[in-house]
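Engineer: Top line first, the protein sequences correspond to chains H and C.
Numbering-wise, the numbering used here puts 226 at position 226 of the first sequence, and it's gapless, one number per residue.
Numbering-wise, the numbering used here puts 195 at position 195 of the second sequence, and it's gapless, one number per residue.
Source of the hints: derived by calculation from the structure; they are not laboratory data.
Errors might be hidden in some of the hints.
For chains that are exact copies, the list does not tell them apart, and a pair is met inside one copy or across any two.
Here are the simulated lysine to any residue pairs, SDA-like style, with alpha carbons at most 25 angstroms apart [to be verified]:
#1 LYS184 / PHE325
#2 LYS380 / SER119
#3 LYS128 / PRO412
#4 LYS331 / THR123
#5 LYS128 / SER327
#6 LYS378 / SER393
#7 LYS128 / PHE177
#8 LYS380 / THR123
#9 LYS92 / LYS380
#10 LYS378 / VAL229
#11 LYS161 / ILE409
#12 LYS331 / GLU173
#13 LYS128 / ASP115
#14 LYS78 / ASN242
#15 LYS331 / ALA90
This one's a predicted model, so the numbers in the text were calculated from it and none came from an experiment.
Number of protein chains: 2
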Amino acid sequence: MEAAGERSLENGEVAEKKEEPSIKEGSIHGFESLHRLLEASLSPQLFQEASRMLLGLNCGCPLELIALPEFSASLSEKHDFDLQAFCFRADKETLREPRVVRVGLIQNSIALPTDAPFSEQKTAIMQKVKPMIDAAGASGVNVLCLQEAWMMPFAFCTREKRWCEFAEPIDGESTQFLQDLARKYNMVIISPILERDLKHGETIWNTAIVIGNHGNIIGKHRKNHIPRVGDFNESTYYMEGNTGHPVFETAYGKIAVNICYGRHHPLNWMAFGLNGAEIVFNPSATVGELSEPMWPIEARNAAIANSFFVGSINRVGTEVFPNPFTSGDGKPQHSDFGHFYGSSHFSAPDASCTPSLSRYRDGLMIADMDLNLCRQLKDKWCFRMTARYELYSELLDRYQNPDFIPHVIVDPLMQKRP
Amino acid sequence: MEAAGERSLENGEVAEKKEEPSIKEGSIHGFESLHRLLEASLSPQLFQEASRMLLGLNCGCPLELIALPEFSASLSEKHDFDLQAFCFRADKETLREPRVVRVGLIQNSIALPTDAPFSEQKTAIMQKVKPMIDAAGASGVNVLCLQEAWMMPFAFCTREKRWCEFAEPIDGESTQFLQDLARKYNMVIISPILERDLKHGETIWNTAIVIGNHGNIIGKHRKNHIPRVGDFNESTYYMEGNTGHPVFETAYGKIAVNICYGRHHPLNWMAFGLNGAEIVFNPSATVGELSEPMWPIEARNAAIANSFFVGSINRVGTEVFPNPFTSGDGKPQHSDFGHFYGSSHFSAPDASCTPSLSRYRDGLMIADMDLNLCRQLKDKWCFRMTARYELYSELLDRYQNPDFIPHVIVDPLMQKRP
């Protein structure tokens, strides 16, 4: 599934590749993925042990690979995108057949400089993503999710309003492009875009559209939690979503979308779980300096705590904008806001996960998942049954009172510090 | 801080040590910690890169070590316990002084066979733990937490009621033992025990007692969520706690205790956070086959999501019981329920964490933490401010209705599977 030589990291050195700098002192961009660094550096036996810990493979065996058609591999070589495919296991049940779904995630960089005409930029991204969608289709993917605001650069750091031109109505150009492909491949496609809500005074939203496998629009979800963090102060562009926590019952299972910054909110994941999601996608755009240490943690925790699968997607590359901007951190003006580190991957409710896609290249990650695993984990761990939700609904009711009094027991003998 | 030679893993091989099996096919007990395996196997440069990813060190520099007094190191050598100490950084503020607290975690195996007289078992555990408490005291630890039900074997797998004899009132023998040490070392000690509630009909609880640095009992917290998982069906022994989510304001900061299985419940972590906790301890007892893949995930996620520090403690070793028991998994009766894998560690709100203590040996983990970091992360990420709690209190209210209707949008064109 990978071009020969792409894993050729040897003797503890990272191979020089065009997009991959060698490891530099103080750099966090030194290797394509932690998994590959370890694979290249450890003995097979130690690598297996390390993988077991890192990927949560308590079963004692490596994650099974999926054999993909030659056509998909050739697309990956020709268009230079990372292609990986794994299989999550579930126990065989006696009263239910397995419900194996093949799911895909696509990460990509933009295709043209950000000062190219907008229509050309959009078209070029579509052309760039299409071979990856074709590879997904040829590989029999049932449900495919693209990255956040995939049809545009992530220009919100600039605070310039002209990027709003990229916003489209729910049934706009990029949706139509994907509807054709959904129909062609009998595939559910989740399309996260910048939405222009024509029926509500041209309100801008950050929205994921769920396209059914017949090319129909099943519905939409709007990003619930809007970051106000450094260059990700997206509140300049759109408001908190007003669509709640819908779960979409598709031909291939019950899915939901937790857009980007929503992954930092355990309650947001919980709500999709309570509404019955079996797979929750987290299309994101985030950069290394800010969030990379959190990236392998939050999605896996959500999968564990809520007994569902999670598909995490981050865009890739560095996007340079025409006009320099400041970032509220005292540093001089600059034209980009860091490296989107890719690293898309899947997490399972049994705490296992796949390795991550490249930190530098476009990629398609595929996983087979037997959705029966969700219930199996619920039956095993009983998290829902032991959750005592009444305690927390009571607390959250109280907490919203501006005069909320936290439950604090003070040591009466304490001598407070000056 | 470690006996010379204890890190002597070289050439990709794991050194033979008395409690450490070499890596076996299919075994998950092959190395003392992932961090040490990688340290021994990777070049320094690659190890630094891998550590940065694994420990979330986006600052680009390794976690600083703390120099401890020679006396602590000699206790660690003499009594063969792992001793590690690290320092978390925070930014210097202009209006607040740093609030650096030195915090300790102790993990230990039991001291006598489980068929020894109970009083001897308890005394032997105290004697075993005392040198570690002395090392903490000598190292200037301000707040120290012991493991769950530290004064007894974790016998709940047996379903035999005679182990209830280990239960003590809040001011019982083990509390008195620790009160003396708290006074001696001017140290807050958290003591998780099996509690016998004499004032409520001898009810048994799983309780953490918070002892102030003057040896006074500040208060108690009772485990909120009781597992009903395999051999950890502790509902045989005690009920869900009735003490809510108290935060204890001590001389050294605001602390809380999330006992064991409560770590699987994001709402439980959240509640301690809403009540203002700056450090939450998670004293646990859990075995490799069941939970090891979750262990590095859940605590770190809680620290990130709630902007507090987390101290995670797991007991260590395999405990063999006099009468064999079954585990509801179809396997023949047996006398132990697996290896408690230690691996105690700290997590910080900035997504960084320390390496873990040994998976095989007793240990004392120490960390300096500037509690100012909690607010700094709240100001940076705004998770509390963007949480939209009203959505979730409304959802949890509805969810408790037996006739709750999940928010599901069904694809009208969907052909359901047979």
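Engineer: Regarding LYS128 and PHE177, is the shortest C-alpha distance of 25 angstroms or less found within a copy, between copies, in both, or in neither?
Structural biologist: The answer is within: 13 angstroms in one copy meets 25 angstroms, while 68 angstroms across copies does not.
Engineer: Is it within a copy, between copies, both, or neither that the alpha carbon of LYS78 lies no farther than 25 angstroms from that of ASN242?
Structural biologist: Answer is neither: 42 angstroms inside a copy and 62 angstroms across each miss the 25 angstroms cutoff.
Engineer: Checking LYS378 and VAL229: alpha-carbon separation at most 25 angstroms within a copy, between copies, both or neither?
Structural biologist: between (35 angstroms within a copy, 11 angstroms between copies)
Engineer: Classify it for me, LYS380 with SER119: is the Cα-Cα distance of at most 25 angstroms met within a copy, between copies, both or neither?
Structural biologist: This pair counts as neither: shortest intra-copy Cα distance 51 angstroms, inter-copy 36 angstroms.
Engineer: Give the relationship of LYS331 and THR123 under a CA distance limit of 25 angstroms: within one copy only, between copies only, both, or neither.
Structural biologist: Neither: 34 angstroms inside a copy, 60 angstroms across copies.
Engineer: Classify it for me, LYS378 with SER393: is the Cα-Cα distance of at most 25 angstroms met within a copy, between copies, both or neither?
Structural biologist: both (21 angstroms within a copy, 23 angstroms between copies)
Engineer: Should LYS380 paired with THR123 be assigned to within, between, both, or neither, using CA atoms and 25 angstroms as the limit?
Structural biologist: Answer is neither; intra-copy 48 angstroms and inter-copy 36 angstroms both fail.
Engineer: My question is about LYS331 and GLU173: at a cut-off of 25 angstroms on alpha-carbon distance, are they close within one copy, between copies, both, or neither?
Structural biologist: neither (38 angstroms within a copy, 58 angstroms between copies)
Engineer: Checking an output row: LYS331 and ALA90, CA cutoff 25 angstroms. Within, between, both or neither?
Structural biologist: Classified as between: cross-chain Cα gap 20 angstroms, same-chain 50 angstroms, threshold 25 angstroms.
Engineer: At most 25 angstroms between C-alpha atoms: does LYS128 with PRO412 qualify within a copy, between copies, both, or neither?
Structural biologist: Neither, since 66 angstroms and 31 angstroms both go past 25 angstroms.
Engineer: Up to 25 angstroms between alpha-carbons, please classify LYS184 paired with PHE325: within, between, both or neither.
Structural biologist: Answer is neither: 43 angstroms inside a copy and 57 angstroms across each miss the 25 angstroms cutoff.
Engineer: At 25 angstroms max between alpha carbons, let me know whether LYS92 reaches LYS380 within a copy, between copies, both or neither.
Structural biologist: Within one copy only: 15 angstroms inside a chain, 46 angstroms across chains, cut-off 25 angstroms.
In the structure shown, a violation is registered for the earlier hints numbered 1, 2, 3, 4, 5, 8, 11, 12 and 14, in ascending order.
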